[in-house]
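J.: If you're matching them up, the sequences are chains E and C in order.
Here the first sequence is numbered in my numbering, starting from 3 and rising by one per residue.
Here the second sequence is numbered in my numbering, starting from 802 and rising by one per residue.
Calculated directly from the structure, the hints in this document are not laboratory data.
Some hints could be false.
[Stated by the list, open to error] To give an idea of the chain C side of the interface with chain E (calculated C-beta under 8 Å), a few residues:
(1) Glu949
(2) Asp1000
(3) Gln1041
[Stated by the list, open to error] In silico DSS-like links for lysine-lysine, alpha-carbon gap of 30 Å or less:
(4) Lys833(C) - Lys83(E)
(5) Lys840(C) - Lys51(E)
(6) Lys217(E) - Lys833(C)
(7) Lys51(E) - Lys858(C)
(8) Lys1007(C) - Lys51(E)
(9) Lys959(C) - Lys83(E)
Every residue, glycine too, gets a C-beta built ideally from N, C-alpha and C.
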Amino acid sequence: MKEDLQLFDYWPYDNRPKIEWPNGARVAFWVAPNIEFYEIDPPLNPDRKPWPRSNPYVTGYSIRDYGNRVGHMRQMRLLDKYNIRGSISLSAALCDHHPEIIEMCLDRDWEFFSHGIYNTRYTYGLSEDQEREMILDAFSTIQEHTGKPPAGYLAPALSHSPHTLDLFAEVGGIYTCDLFHDDQPTPVNVRNGSKFVSVPYSLEMNDTIAYVVNKIEPRYYGKIMRENFDRLYEEGADSGTVMCIPTHNYQISCPHRIRAFEETLEYITGHSDVWITTGREIAEYYIENYYDSSREDISRKSGEAS
Amino acid sequence: MSLDKTFLEYPRRKYGMDHDRYDWSMLTDRPKVIWPEDKKLALWVNVCLQFFPINQKGKPFVPTGGMTMPYPDLRHYSLREYGNRVGIYRFLKAFDEYSIKPTFALNTRVAERYPYLMDVLKEREDEILCHGLHMDALHYGGQDIDEERKQIDYSLSKLRELSGQDVTGWISPDRSESDNTPDLLAEHGVQYFCDWVNDDMPYQFKTNNGEIVAMPLSQELEDSFILLNNKHTEDSYVEQICDACDFLIDEADEQGGRILSLNIHPWMLGQPHRIGKLESVLEYVTSKSEVWSASAADILKEYKRNGSS
């Protein structure tokens, strides 16, 4: 194990080359619904228990199923209302289990990025070949069911190996949501040398982190999302920023919580100069317009030869 | 380093669920349910009356609200008993004030231990359902089936005897089940159970003794989940329930009847500083003309009358 995987270089937030989003927008705003499948009886990974009790863990399994049975339609309806195309973090096996959901998202031209096969199958302990097989399986499953290969990756249940991003870049991916080091896209160092970037996907704004880990109250979650936006919008006047709200239908779409989400979408989309977009579009736009200049600036500031 | 090849094999990766207990079905794809008098929202107030033995075995885990200190954990034991002797009587008063039709989920041990309380409940004629034997008599994956069968048989038959009711509903202690629990419940005459939290409406659940109904008793809206697990304030509890009520009434306008299920514990909301919050919730919800206060069995009956089974 190493002190640092060297996935990204130190690159100070001040004095970076200015990012200009399309139409002069200050903030690139995207919503990333995680549409996941958790197995009721997964194999027991030696490094991480899928469920805290013996199977069947009824409440844990069933609330996640609630997300697909009940919650999905509620969130999709809100995103329709505010003209937001979701960027789905997809458990690829959901294409097999619940193709109806995939169809509805395809009809709306939503993006699908890879979130592994199941959220109960972790990267931990897999050999590099096994991890490649899993990544390729998800990649081709999504391509087959949606007509397009995924551009982005969020490792299943945020479980990684030292090679996760290298492997995803090697199968043709262009962005990752696994890094939380910045509020702007940044180049990521991958071993094949491809133009591969991190698109900010906020852990802090993630509903499951807010509700399950930090245990915050629904209306307070709405408040901090709006405050997060306010600051990124202010700073975006100088150089474009990215705001992401990662969601889960078993959290955000519960009857006592959906109001906080709706009020936040109403607030954010009520601003001019917001680019309502998807993860893929942010990655592509950044790579096309800013990747090379960012690399040069990083080299300059790290005192290395470019 | 590598894992066994079974980690990359997915035997249940196919259409529908990864088990055979119920069919995959999105809520919006089902026929609309119409409640009596065309009400939009059924209010199901479910009161858990629980006994936590002080000599807790904690096998295979300590239940939510259970003992956490070395024996004898008088603080938790007595705080839970507070609910059965003080909190519940505050609840009953509040229910009557707001004309609520509650449902009582009893650990059978509560019925055995407190005949006075049983008489009060019997006189009210509210529905009683079985919440297992007691909070330390858990059902769990890997449990011996004969042991579990005995546990269920005793819990149900004793509660039926003491309540004088048929007792056709069930909630497992801490909603924990083994693979066999639904089969054993059906074998013992249970018609509906409330452990699964994957829906906002009832649905059919398969057992090897015929179908039973899974009733949607929200865990996310439970008093102990919001206050004890999430550590939210009492005021936020009220806000969350009222927001859920408003949202579900709006949804019901378009999609057919919905259910607001409030699973509450007298050891939690029965405290002097919290009972007023329960009253605020009941006042708000019952002020809505769209709300129908009903027992679990009433809701189940209407769901079945709608041809949804």
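J.: The structure should be examined with respect to each hint, and the outcome stated for every one.
T.: A quick look at each hint next to the structure:
1. Glu949: Violated, because the Cβ-Cβ distance from Glu949(C) to chain E comes to roughly 13 Å (cut-off 8 Å).
2. Asp1000: 6 Å, holds
3. Gln1041: 4 Å, holds
4. Lys833(C) - Lys83(E): 23 Å, holds
5. Lys840(C) - Lys51(E): 44 Å, violated
6. Lys217(E) - Lys833(C): At roughly 34 Å apart (the allowed maximum being 30 Å), Lys833(C) and Lys217(E) break the hint.
7. Lys51(E) - Lys858(C): 23 Å, holds
8. Lys1007(C) - Lys51(E): Judged against 30 Å, a Cα distance of about 28 Å means the pair holds.
9. Lys959(C) - Lys83(E): 53 Å, violated
Hints 1, 5, 6 and 9, counting from the list given before, are not met by this structure.
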